[in-house]
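**Student:** Using the sequences plus the hints, can you model the full thing?
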Amino acid sequence: MNLSTRQMRAFLHVARIGNFTRAAEQAHITQAGLSILIREMEKQLGCRLFERTTRVVSLTPEGRRLLPVVERLMTDLDDVAAELGAAGDAARRTLRIAATPLVSSHLLPQVFSTFRAAHPQVSLRLFDADLRDVEAMVAAGDADMGLGFFFKAAPGLERTPVGRFQLMRVSRLEDDADADADVPPGVGTAPWSSLRGAELVGLPPGNPIQKVIDQHLATIGRADAQRPAFNFFGTLISMVEAGFGTAVMPTFALAACRRHRVRTDVLAKPKVGLDFYRITKRGAHETEAMQAFVATLVKALPELSR
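So this note's numbering is basically just the index in the sequence shown, starting at one, shifted up by 427.
Hints are not guaranteed to be accurate.
Said to hold, decoys possible - The calculated DSS-like cross-link candidates involving lysine-lysine, where the alpha carbons are at most 25 Å apart (straight line), are:
#1 638 <-> 726
#2 579 <-> 470
#3 726 <-> 698
#4 579 <-> 698
#5 579 <-> 708
#6 638 <-> 579
#7 698 <-> 638
#8 726 <-> 708
Claimed, not checked - Listed next, with one range per pair, are the computed distances between beta-carbon atoms:
#9 494 <-> 568: 40 to 46 Å
#10 569 <-> 616: 40 to 46 Å
#11 543 <-> 492: 52 to 58 Å
#12 658 <-> 579: 16 to 22 Å
#13 725 <-> 548: 19 to 25 Å
#14 431 <-> 557: 49 to 55 Å
#15 568 <-> 432: 26 to 32 Å
#16 543 <-> 568: 33 to 39 Å
#17 503 <-> 591: 41 to 47 Å
#18 616 <-> 665: 22 to 28 Å
#19 729 <-> 563: 27 to 33 Å
#20 475 <-> 449: 19 to 25 Å
#21 718 <-> 470: 47 to 53 Å
#22 568 <-> 449: 18 to 24 Å
The hints are simulated quantities; they were obtained by calculation from the structure and are not laboratory data. Note that this is a predicted model, so its numbers are computed, not measured. We treat Cβ as the ideally placed atom computed from N, Cα and C, and that holds for glycine.
**Tutor:** So, in C-alpha coordinates, the structure goes:
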(Lines of atoms letter the chains of each structure in order from A; the text may use other names.)
(Lines give C-alpha, C1' and ligand atoms only; values in the text may rest on other atoms or scores of the structure.)
Protein backbone atom coordinates (compact mmCIF):
# COMPACT_ATOMS: atom_id res chain seq x y z
CA MET A 428 0.00 0.00 0.00
CA ASN A 429 1.33 3.41 -0.98
CA LEU A 430 -1.38 6.00 -0.41
CA SER A 431 -0.51 9.51 -1.53
CA THR A 432 -1.50 12.73 0.17
CA ARG A 433 -3.46 13.65 -2.98
CA GLN A 434 -5.53 10.49 -2.64
CA MET A 435 -6.16 11.05 1.05
CA ARG A 436 -7.14 14.69 0.53
CA ALA A 437 -9.50 13.64 -2.27
CA PHE A 438 -11.03 11.07 0.08
CA LEU A 439 -11.56 13.75 2.76
CA HIS A 440 -13.21 16.17 0.32
CA VAL A 441 -15.72 13.57 -0.87
CA ALA A 442 -16.36 12.25 2.66
CA ARG A 443 -17.09 15.72 4.02
CA ILE A 444 -19.14 17.06 1.09
CA GLY A 445 -20.90 13.88 -0.07
CA ASN A 446 -20.82 14.93 -3.71
CA PHE A 447 -18.11 14.26 -6.32
CA THR A 448 -18.82 17.37 -8.40
CA ARG A 449 -18.62 19.83 -5.49
CA ALA A 450 -15.69 17.96 -3.95
CA ALA A 451 -13.78 18.24 -7.23
CA GLU A 452 -14.44 22.00 -7.33
CA GLN A 453 -13.14 22.41 -3.79
CA ALA A 454 -10.07 20.30 -4.58
CA HIS A 455 -9.47 22.31 -7.77
CA ILE A 456 -9.34 19.24 -10.00
CA THR A 457 -11.70 17.76 -12.54
CA GLN A 458 -14.42 15.36 -11.44
CA ALA A 459 -12.81 12.65 -13.60
CA GLY A 460 -9.45 13.26 -11.89
CA LEU A 461 -11.08 13.03 -8.46
CA SER A 462 -12.83 9.79 -9.38
CA ILE A 463 -9.53 8.28 -10.54
CA LEU A 464 -7.83 9.16 -7.23
CA ILE A 465 -10.65 7.49 -5.24
CA ARG A 466 -10.63 4.39 -7.45
CA GLU A 467 -6.84 4.04 -7.09
CA MET A 468 -7.18 4.38 -3.33
CA GLU A 469 -9.93 1.75 -3.16
CA LYS A 470 -7.84 -0.58 -5.34
CA GLN A 471 -4.83 -0.28 -3.04
CA LEU A 472 -6.94 -0.85 0.08
CA GLY A 473 -8.91 -3.70 -1.49
CA CYS A 474 -12.30 -2.33 -0.47
CA ARG A 475 -14.92 0.23 -1.44
CA LEU A 476 -14.90 3.48 0.48
CA PHE A 477 -18.10 5.06 -0.85
CA GLU A 478 -21.59 3.94 -1.75
CA ARG A 479 -22.52 5.80 -4.91
CA THR A 480 -26.09 6.44 -6.08
CA THR A 481 -27.46 9.04 -8.47
CA ARG A 482 -28.33 11.29 -5.53
CA VAL A 483 -26.09 10.39 -2.60
CA VAL A 484 -22.44 9.55 -1.99
CA SER A 485 -21.96 8.04 1.47
CA LEU A 486 -19.17 6.26 3.27
CA THR A 487 -19.11 2.52 3.49
CA PRO A 488 -18.31 0.93 6.88
CA GLU A 489 -14.72 0.63 5.67
CA GLY A 490 -14.74 4.30 4.68
CA ARG A 491 -16.10 5.34 8.09
CA ARG A 492 -13.33 3.36 9.79
CA LEU A 493 -10.68 4.99 7.60
CA LEU A 494 -11.98 8.56 7.94
CA PRO A 495 -10.64 9.46 11.45
CA VAL A 496 -7.25 7.97 10.61
CA VAL A 497 -6.90 10.03 7.42
CA GLU A 498 -8.19 13.17 9.21
CA ARG A 499 -5.58 12.73 11.92
CA LEU A 500 -2.77 12.12 9.43
CA MET A 501 -3.66 15.16 7.31
CA THR A 502 -4.08 17.38 10.37
CA ASP A 503 -0.70 16.35 11.76
CA LEU A 504 0.96 16.83 8.37
CA ASP A 505 -0.59 20.28 7.90
CA ASP A 506 0.40 21.34 11.42
CA VAL A 507 4.01 20.24 10.94
CA ALA A 508 4.19 21.87 7.50
CA ALA A 509 2.88 25.13 8.96
CA GLU A 510 5.42 25.01 11.79
CA LEU A 511 8.28 24.26 9.42
CA GLY A 512 7.14 27.03 7.10
CA ALA A 513 6.98 29.49 9.98
CA ALA A 514 10.45 28.41 11.14
CA GLY A 515 11.76 28.85 7.60
CA ASP A 516 10.23 32.32 7.36
CA ALA A 517 11.74 33.26 10.72
CA ALA A 518 15.15 31.98 9.62
CA ARG A 519 14.95 34.03 6.43
CA ARG A 520 14.08 37.09 8.52
CA THR A 521 16.95 36.54 10.98
CA LEU A 522 20.49 37.62 10.19
CA ARG A 523 23.25 36.19 12.39
CA ILE A 524 26.50 38.16 12.35
CA ALA A 525 29.76 37.29 14.07
CA ALA A 526 32.42 39.95 14.55
CA THR A 527 35.46 40.75 16.64
CA PRO A 528 34.89 42.67 19.91
CA LEU A 529 35.83 46.19 18.80
CA VAL A 530 33.86 45.83 15.56
CA SER A 531 30.90 44.56 17.59
CA SER A 532 31.01 47.29 20.20
CA HIS A 533 31.95 50.37 18.17
CA LEU A 534 31.21 49.84 14.46
CA LEU A 535 28.13 47.66 14.32
CA PRO A 536 25.75 49.43 16.75
CA GLN A 537 25.37 52.38 14.36
CA VAL A 538 25.13 50.07 11.33
CA PHE A 539 22.53 47.92 13.11
CA SER A 540 20.49 51.00 13.99
CA THR A 541 20.48 52.24 10.39
CA PHE A 542 19.63 48.79 9.02
CA ARG A 543 16.84 48.13 11.53
CA ALA A 544 15.18 51.46 10.69
CA ALA A 545 15.10 50.52 6.99
CA HIS A 546 14.33 46.79 7.49
CA PRO A 547 12.24 46.38 10.67
CA GLN A 548 11.09 42.94 9.55
CA VAL A 549 14.62 41.51 9.85
CA SER A 550 15.87 40.36 13.25
CA LEU A 551 19.60 40.91 13.82
CA ARG A 552 21.70 38.70 16.09
CA LEU A 553 25.29 39.63 16.94
CA PHE A 554 27.98 37.28 18.25
CA ASP A 555 31.17 38.97 19.45
CA ALA A 556 34.17 36.67 19.36
CA ASP A 557 37.84 36.58 18.44
CA LEU A 558 38.84 36.17 14.82
CA ARG A 559 39.25 32.39 14.90
CA ASP A 560 35.90 31.87 16.61
CA VAL A 561 34.25 34.15 14.04
CA GLU A 562 35.62 31.92 11.27
CA ALA A 563 34.55 28.76 13.11
CA MET A 564 30.99 30.01 13.61
CA VAL A 565 30.59 30.86 9.93
CA ALA A 566 32.12 27.55 8.84
CA ALA A 567 29.76 25.63 11.15
CA GLY A 568 26.70 27.53 9.91
CA ASP A 569 26.10 29.14 13.31
CA ALA A 570 26.52 32.62 11.78
CA ASP A 571 25.43 33.83 8.34
CA MET A 572 28.47 36.08 7.97
CA GLY A 573 31.57 37.17 9.82
CA LEU A 574 33.25 40.58 9.83
CA GLY A 575 36.89 41.44 10.46
CA PHE A 576 40.41 41.72 9.07
CA PHE A 577 40.82 38.30 7.46
CA PHE A 578 44.18 38.29 5.66
CA LYS A 579 43.42 34.99 3.95
CA ALA A 580 40.32 32.90 3.45
CA ALA A 581 39.97 29.83 5.66
CA PRO A 582 39.04 26.53 3.94
CA GLY A 583 35.35 26.42 3.05
CA LEU A 584 34.84 30.17 3.41
CA GLU A 585 34.37 32.97 0.89
CA ARG A 586 36.06 36.31 1.62
CA THR A 587 34.76 39.61 0.22
CA PRO A 588 36.15 43.10 0.96
CA VAL A 589 33.52 45.54 2.24
CA GLY A 590 35.70 48.45 3.35
CA ARG A 591 39.22 49.76 3.80
CA PHE A 592 40.86 51.40 6.80
CA GLN A 593 44.12 53.31 7.16
CA LEU A 594 46.68 52.69 9.88
CA MET A 595 46.80 55.49 12.46
CA ARG A 596 48.88 56.54 15.43
CA VAL A 597 47.03 56.64 18.76
CA SER A 598 48.80 58.68 21.42
CA ARG A 599 48.01 60.20 24.78
CA LEU A 600 46.67 63.76 24.79
CA GLU A 601 49.48 65.95 26.09
CA ASP A 602 47.98 69.37 25.37
CA ASP A 603 45.97 70.55 28.39
CA ALA A 604 43.65 72.62 26.21
CA ASP A 605 42.86 69.59 24.06
CA ALA A 606 42.50 67.39 27.11
CA ASP A 607 39.93 69.73 28.64
CA ALA A 608 37.99 70.23 25.40
CA ASP A 609 34.39 69.06 25.28
CA VAL A 610 34.76 67.88 21.68
CA PRO A 611 37.28 65.10 20.97
CA PRO A 612 40.08 66.17 18.62
CA GLY A 613 39.77 65.37 14.94
CA VAL A 614 41.94 62.98 12.98
CA GLY A 615 45.26 64.50 12.09
CA THR A 616 48.16 63.22 9.99
CA ALA A 617 51.60 62.13 11.12
CA PRO A 618 54.56 60.50 9.36
CA TRP A 619 55.80 57.07 10.40
CA SER A 620 59.04 58.77 11.44
CA SER A 621 57.10 60.38 14.33
CA LEU A 622 57.17 56.98 16.02
CA ARG A 623 60.97 56.77 16.18
CA GLY A 624 61.22 58.15 19.67
CA ALA A 625 57.89 56.96 21.00
CA GLU A 626 57.40 54.26 23.61
CA LEU A 627 55.22 51.76 21.80
CA VAL A 628 52.61 49.22 22.83
CA GLY A 629 50.92 46.86 20.42
CA LEU A 630 49.15 43.62 19.68
CA PRO A 631 50.93 40.26 20.06
CA PRO A 632 53.65 39.75 17.39
CA GLY A 633 51.73 36.89 15.79
CA ASN A 634 48.63 39.01 15.15
CA PRO A 635 48.23 39.54 11.35
CA ILE A 636 47.54 43.27 11.76
CA GLN A 637 50.58 43.67 14.01
CA LYS A 638 52.70 41.90 11.39
CA VAL A 639 51.76 44.57 8.84
CA ILE A 640 52.46 47.30 11.40
CA ASP A 641 55.85 45.77 12.28
CA GLN A 642 56.88 45.71 8.62
CA HIS A 643 56.51 49.48 8.49
CA LEU A 644 58.00 50.04 11.93
CA ALA A 645 61.06 48.11 10.73
CA THR A 646 61.69 50.77 8.08
CA ILE A 647 62.24 53.33 10.87
CA GLY A 648 64.19 50.94 13.07
CA ARG A 649 61.37 50.22 15.52
CA ALA A 650 60.60 46.53 14.89
CA ASP A 651 60.65 45.28 18.48
CA ALA A 652 58.83 42.06 19.31
CA GLN A 653 59.56 42.61 23.03
CA ARG A 654 57.34 45.67 23.44
CA PRO A 655 54.29 45.36 25.75
CA ALA A 656 51.50 43.54 23.91
CA PHE A 657 47.75 43.23 24.50
CA ASN A 658 45.21 41.03 22.76
CA PHE A 659 42.44 43.57 22.17
CA PHE A 660 42.32 47.05 20.68
CA GLY A 661 40.11 48.24 23.52
CA THR A 662 42.85 47.37 26.00
CA LEU A 663 45.46 49.07 23.83
CA ILE A 664 43.47 52.31 23.70
CA SER A 665 43.00 52.33 27.48
CA MET A 666 46.72 51.71 28.03
CA VAL A 667 47.57 54.60 25.71
CA GLU A 668 45.14 56.86 27.58
CA ALA A 669 46.79 55.86 30.86
CA GLY A 670 50.19 56.89 29.51
CA PHE A 671 51.77 53.48 28.93
CA GLY A 672 52.76 54.22 25.34
CA THR A 673 51.68 54.93 21.77
CA ALA A 674 49.89 52.41 19.56
CA VAL A 675 49.30 51.86 15.86
CA MET A 676 45.95 50.48 14.75
CA PRO A 677 43.45 50.73 11.86
CA THR A 678 41.06 53.70 11.72
CA PHE A 679 38.15 51.33 12.34
CA ALA A 680 39.02 51.95 16.01
CA LEU A 681 38.26 55.68 15.71
CA ALA A 682 34.83 55.36 17.32
CA ALA A 683 36.42 53.63 20.31
CA CYS A 684 39.23 56.19 20.50
CA ARG A 685 36.74 59.04 20.69
CA ARG A 686 35.49 57.64 23.96
CA HIS A 687 38.95 58.10 25.45
CA ARG A 688 41.37 60.98 26.01
CA VAL A 689 43.68 60.06 23.14
CA ARG A 690 44.91 61.73 19.96
CA THR A 691 44.50 60.04 16.58
CA ASP A 692 46.62 60.73 13.49
CA VAL A 693 46.55 58.82 10.20
CA LEU A 694 50.08 57.65 9.44
CA ALA A 695 51.50 58.94 6.17
CA LYS A 696 54.63 58.55 4.11
CA PRO A 697 53.40 56.01 3.33
CA LYS A 698 49.70 55.70 4.04
CA VAL A 699 48.88 52.06 4.70
CA GLY A 700 45.42 50.62 4.08
CA LEU A 701 43.96 47.35 5.35
CA ASP A 702 40.97 45.69 3.74
CA PHE A 703 38.02 44.88 5.98
CA TYR A 704 36.22 41.69 4.95
CA ARG A 705 33.03 39.78 5.36
CA ILE A 706 33.24 36.01 5.24
CA THR A 707 30.48 33.56 4.34
CA LYS A 708 30.28 29.80 4.07
CA ARG A 709 31.19 28.69 0.56
CA GLY A 710 28.08 27.70 -1.41
CA ALA A 711 25.65 29.15 1.15
CA HIS A 712 22.59 30.96 -0.22
CA GLU A 713 22.80 34.72 0.13
CA THR A 714 19.45 36.02 1.32
CA GLU A 715 17.96 39.40 0.53
CA ALA A 716 18.55 40.36 4.17
CA MET A 717 22.26 39.61 3.81
CA GLN A 718 22.50 41.66 0.64
CA ALA A 719 20.68 44.58 2.23
CA PHE A 720 22.88 44.48 5.33
CA VAL A 721 26.09 44.42 3.31
CA ALA A 722 24.87 47.42 1.30
CA THR A 723 24.17 49.29 4.56
CA LEU A 724 27.58 48.32 5.94
CA VAL A 725 29.50 49.36 2.82
CA LYS A 726 27.77 52.73 2.84
CA ALA A 727 28.41 53.32 6.55
CA LEU A 728 32.06 52.26 6.86
CA PRO A 729 33.65 55.32 5.18
CA GLU A 730 31.89 57.61 7.68
CA LEU A 731 33.03 55.45 10.58
CA SER A 732 36.68 55.58 9.53
CA ARG A 733 37.22 59.32 9.57
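**Student:** For every hint, state whether the structure bears it out.
**Tutor:** Hint check results:
no.	hint	verdict
1	638 <-> 726	violated (28 Å)
2	579 <-> 470	violated (63 Å)
3	726 <-> 698	holds (22 Å)
4	579 <-> 698	holds (22 Å)
5	579 <-> 708	holds (14 Å)
6	638 <-> 579	holds (14 Å)
7	698 <-> 638	holds (16 Å)
8	726 <-> 708	holds (23 Å)
9	494 <-> 568: 40 to 46 Å	holds (43 Å)
10	569 <-> 616: 40 to 46 Å	holds (41 Å)
11	543 <-> 492: 52 to 58 Å	holds (55 Å)
12	658 <-> 579: 16 to 22 Å	holds (20 Å)
13	725 <-> 548: 19 to 25 Å	holds (21 Å)
14	431 <-> 557: 49 to 55 Å	holds (52 Å)
15	568 <-> 432: 26 to 32 Å	holds (31 Å)
16	543 <-> 568: 33 to 39 Å	violated (24 Å)
17	503 <-> 591: 41 to 47 Å	violated (54 Å)
18	616 <-> 665: 22 to 28 Å	holds (24 Å)
19	729 <-> 563: 27 to 33 Å	holds (30 Å)
20	475 <-> 449: 19 to 25 Å	holds (21 Å)
21	718 <-> 470: 47 to 53 Å	holds (51 Å)
22	568 <-> 449: 18 to 24 Å	violated (48 Å)
The structure shown violates the earlier hints numbered 1, 2, 16, 17, 22.
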